[in-house]
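**Student:** Dock chain to chain to rebuild the complex, using the hints, since each chain is given by itself in its own frame.
In the order they appear, the protein sequences are chains A and B.
Quick note on numbering: the first sequence equals residues 11 to 309 in the working numbering.
Quick note on numbering: the second sequence equals residues 350 to 840 in the working numbering.
If you are wondering where the hints come from, they were derived from the structure by calculation, not from laboratory data.
Every residue, glycine too, gets a C-beta built ideally from N, C-alpha and C.
Please note that the accuracy of each hint is not assured.
Partial list, computed: chain A residues near chain B (C-beta under 10 angstroms) [unchecked claim]:
1) P134
2) Y234
3) S297
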Amino acid sequence: MKPNLVILLLIAMLASACTPVDLNAAMPSFDTGVNPDAWAKIPAGDFYSGQFNDPQATIAYEIMVTDVTTMQYAAFLNEALQEGFIKVDGDKIMGYYPGDEFHGVKHEIPINSGDWVFIPLNDPAQRIEFDGTSFTVQAGYENHPMTMVSWFGARGYCDYYGWRLPSEFEWEKAARGTDTRPFPWGNDIQRENANFYASRDPFENMASFGSRTSPVGFYNGNTYDGYQTLDSASPYGLYDMAGNVWQWTGNVYEGMHYRFMRGGSKDTYEMDLRIWVRNNATPTYFSPGVGFRCSRDTN
Amino acid sequence: MHFIKDRFNYLFKSTKGLILVAIAMIAIITALFGMLSGPMAEMGVRDFVVRVFKMDIVQAEREGRIVILYHSIAMAVIAIETYMVTSLLKMKEFYKKAVRSLITVGYLTAMIFGLLFAYWGHNWAFHGLYITGLVLIFFAGILLIIALWPWNPDYYQQDADFARTKKGVDIERIAFFATAVTTVISALFGAVPGSFFGNGFETFLAENIIRLPEKTTMEYAVIGHLHIMLALIAVMLTLIIGRWLNFKGILHKIAMPLMILGTIVLNLGVWGVSTPLEPIAHMIIYVGATPSMLAALLLLIWSWGKLIRDGTAHLKKPNFLQKLAALVRDPLKFGPTWQMLYMNFTTSGIGIFMAIRLDEIFRVWPAREERIELTGHWHALSAIIATIILFYYGDMIGLKGKIRQIYGWAIIFFSDLALAGVTIFEMKRLFITEAEQQPLVNGLMYAIDFGLGLLLVLLATIMVWRLVDLFKKKGRWAEEVDVELSQEVIK
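Looking at chain B on its own, in the form it has when it is part of the complex (with noise of 0.2 angstroms):
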């Protein structure tokens, strides 16, 4: 009995455990439902897995299945969030318990019961568990916004190194706090019109209605939803790794206010986009976006920075080869920041590029060519979102040494040789006609499968690994029962 006890205990009670539990559930859902398209449905493997799993696909409802798909993934990336920001900062232990307990059932029901629904036939039961785990989920939000407010003088930043009101008020904790207010905001934008398409299965895919002249305010409001939830997940997950990597100094009280600055504008434009004030709605993201990309830049120039002294700090005068060796010496510690910059080449680039060229060159593209490069760029920002927990996991979970070196590195070559291709793919309008493309697209396709399927494959070994772990005795998961992460801040 206390073998099982204390396992449940590390699992949903340990915020390594939690994780732990997500990353598998996401891995595992990966796994599955990945093999239901693309090269894998060309293969024969969706036949496959559609008959010996017993799946009911009806061709009507794809969309509706995709979009419960998306959301099983996303909210449990929301539950990963939730628990590294409630472990990092300082709060009630009401509050913390309050909001992984909500989150942790929300997510698991929704994921669950969401997938059962969208997959294997449509038990009404199913769908009402499945819309309560998201409801679980956007009150342990609003716990989590009364948990960190950050005018409680408990919470004051005490030490001058970090960004602070002359009060004493954490604006690191603001920036937290404006991330998470938004988010809840944001999920209605998703949760009303949800309700609306969901009712009477008359859903659809943003990327197949883009080109419509005329969309009604539902149809903005899911645009607007889906855009902002994920760049509100990157938001928090910078101001995450930030955390982690003990962001601070004069970098910091810049970036902290732009992000608070950044994240509110970027919102208000998206939220306006289902408003009259539509037509300057992109001119308000563009205001938004540009002092939270800042933001993210001044962390990757500390950070950066820091790698260097710290890894030079034996030598007297390194040389420019010293400091790159430095640089790169833990790409775990390396690896976030780098993600962010490579972002740039293959969204954040992308996406301004058509933004900018939309008329001139793409919507001069077929709408089919139009939708691989948005649901390409944003399976782009997905993946290096994930990259990025992957990083701080391998860090959370004490790899060390050659381990951590293949783990880190492993990451960083397969998921940009993947993102490299992808990237390329969705560009190859530009350089190549349909007639000539095939040995381009094969060549492209052999590179994207086989990075993400090495990356898989690393994270299966990961899991893998921690299951086996878990029926010893004095495992790993026993060192990691009790320890928060706050604990483990990069001093």
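Pulled out of the complex, with its shape left as it was, chain A reads as follows (with noise of 0.2 angstroms):
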């Protein structure tokens, strides 16, 4: 009888496995009181940059408050769809990049010059809608970071404002400030200072669809429904610069496609948060993990 249960419970558990995801469950709807539009000025100065602290410098530039919302992204694509800067090729939103100088080293694919994919509109995963004419938002996601967004079509959207990713360096400083924290809130990390694999946010359901994005900014004090959240702004008030998403930077290194991200995300564990852990994957990549803000020079 005994092995029988076993199995049964083993069977059961692993039956589990198959449930289908509901990708389009009830999203809790918070105002954060954060503006997406908001920019840091992050001044020159040198910066402790790694996990080995190596002083670096940067110039004066500046930096979103937050990372890109779907509201923000939607309304760059009914712009840029009305001027051209982008096109609907199938399921697929395309736009052109100058491509990358080739050096043939081992693992390195080429990156043309030509239209790459921005997003993918048929992955269910996708919250931004397209109707054949314009783009919207899926209800409740406003004020969510934008994902499923490859490095083209981060980039895209930053070079179409005439501002850019961050550097991975700019991105690093502005999340660190100049001590040597591993956090940008401080030393420590608790489930109430960011969004991450099961920290228990009021967004997640470790039980079906696991971790979803938070809204941007949501991690700043406040408290929503009950759940208090800790004040997790960077030292230049910059907000989710650990977890929620990964952000998306700038650099083309030299005989590598692949494109740096920082930050880790709602999908990793606490040890992928700290300022210094770079991720990266080919820039045609995009993931409901995955996000981006821009930065520009300081007029």
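**Tutor:** Listed below in structure tokens is the structure:
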């Protein structure tokens, strides 16, 4: 009897793995009060980069206080489509990229000039909808970070407005300030600091759909329906520089086609939220856990 | 006083006692430090453990902590293999005692002070003792090489059933010797960059730099070191299992030269990673791995054939089912080679598949996904090595009857369930999207945690039994104190 019980339990556990996921499950809606159109000024000067605190320096620049939201990206798509900056190609939005210099290094793949995918339209995890003429955002996701966007799509957005993706150094300084902290808010991490894997935030359900994005600026010390967050802004006032979504950065390195991401995401453990942790993928990669923000020169 | 002296002599002077201590130390470390990551962290157990044990966890030092933790466990595994080799093979008593003393003091010193240094603040005396422990293990390795010298006529193989040269040199002993020599040299490939990067805590985990197109010689040395050390632990264990099962005959005569060839070429390839040979190093590694794996396959064919023959000796013309029953009759003798076969599905097969389709599939995924494959891949290989040691240990401590069956089959079932879960988890992106993966991840985690958890419970049960046994005047320990593994080689 006992062996049968064990086998039955195992079958039940494994059967639970086949449950379909409702990607449109109800999403709690909160206004965080953080303005996604705001920019932070980062002064010129030294900072400590990487796990081993290498001294580096940047010129002065500005960087978005939050990740680009789905609402902002939809507005961009509508404008860009009108102006012919992007085009619809079947179930994808495409845009031009001038290409990388190819060095023929082992594992390097050529990135030629031409049209590359910005976002897919047919993926069930895509929160931008297209009715043939205009782009809208799935209700409830308006103030969430734009995801399911390739590096080309992220770069295209910033480029369209005359901005750029932050370099890795710019991103790191904006997240860390001038000391050696491992997280944007300090030395330790608690569940209420950021949206990471199994952080028990109001948007996740690990028994069914798993972790989901939180609205930009969510971890600002406010209480949302009884869920108390900790103010987790970086020294320069940026939100979500750890967790929620990985953020594309702008560097194109010689001999490799990979593009780097920073910050960890809703799908990773705390260790990936440490400021110096790098992730990378091909520039055509998109995911529900990858977004971006832009930077620009200080006028 | 006699009570303590007798137990001390058993635990630190007898083969089975030394192996028991090392397994117990690994079990304690696995149980304690396993609570700091994965599902245990999710459930909040990690925070509790860190608080209760007053651990000093600095975020920037995670990689360094992990490097010391891995080494602490690996050194104990190497000590277990050394105890087995020194008990199975003929050698001078002086060398046997010296090797065992050095490696025992070495791994315990490295383990205890290494972990204290890594997890409980930076007392530099502890770091010095950690290094001292590793150095003692290294010198134990050099002494073992001397002890194993195969061209000493005292160690010539007299039995024509075993692989030997025309002069009578024991080719199996050469295989042990070659593995020991290459292990000591390969340890240097970790020691040199370890000193370089460890100075100033500039440590890194190889899986985090794997995609960088330009790596330094030191970084290549680390990558080569971790690969070859695990491979050599596996090769040595295969030789040990072969000796325990008394591998002989024509397949032994083919397998042993293949094992020597494979080990040497494999090492040349891995060492080549940190030399100008790097562009073709992988090809050399494939060339070396093939004869090694072929030798293991020959051991499997021979041992399964023997199990079937022995189990059906009383039958005139056994049918397929009777042969199958004979094959699986004793899980402790069937288990090691079964795990070697199973390894091809969970590690070797996936490793080869990854290497072949690297740019088309795996490197289209983000680096973090590739890291899951890499770490899962070698965690699985380490787990398989651990289970094979446990099969042998179960036989060593004389498990019989129903307990032997339960112990053996529980190891096979629980570990294979967990490893199957890990394998599917590693490969999940081939068949499911990130957005839709959570129920699958949950199901796989249940399987992995269920399998590994019960495996640890089984191990804990054995350890508690052995602990209780130590308090008995004429316990099992008293029977084991003077027994060498060479006396228990299967006839």
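**Student:** Determine for every hint whether it applies to the structure shown.
**Tutor:** So, going through the hints one by one against the coordinates:
{"no.": "1", "hint": "P134", "verdict": "holds, 7 angstroms"}
{"no.": "2", "hint": "Y234", "verdict": "violated, 22 angstroms"}
{"no.": "3", "hint": "S297", "verdict": "holds, 6 angstroms"}
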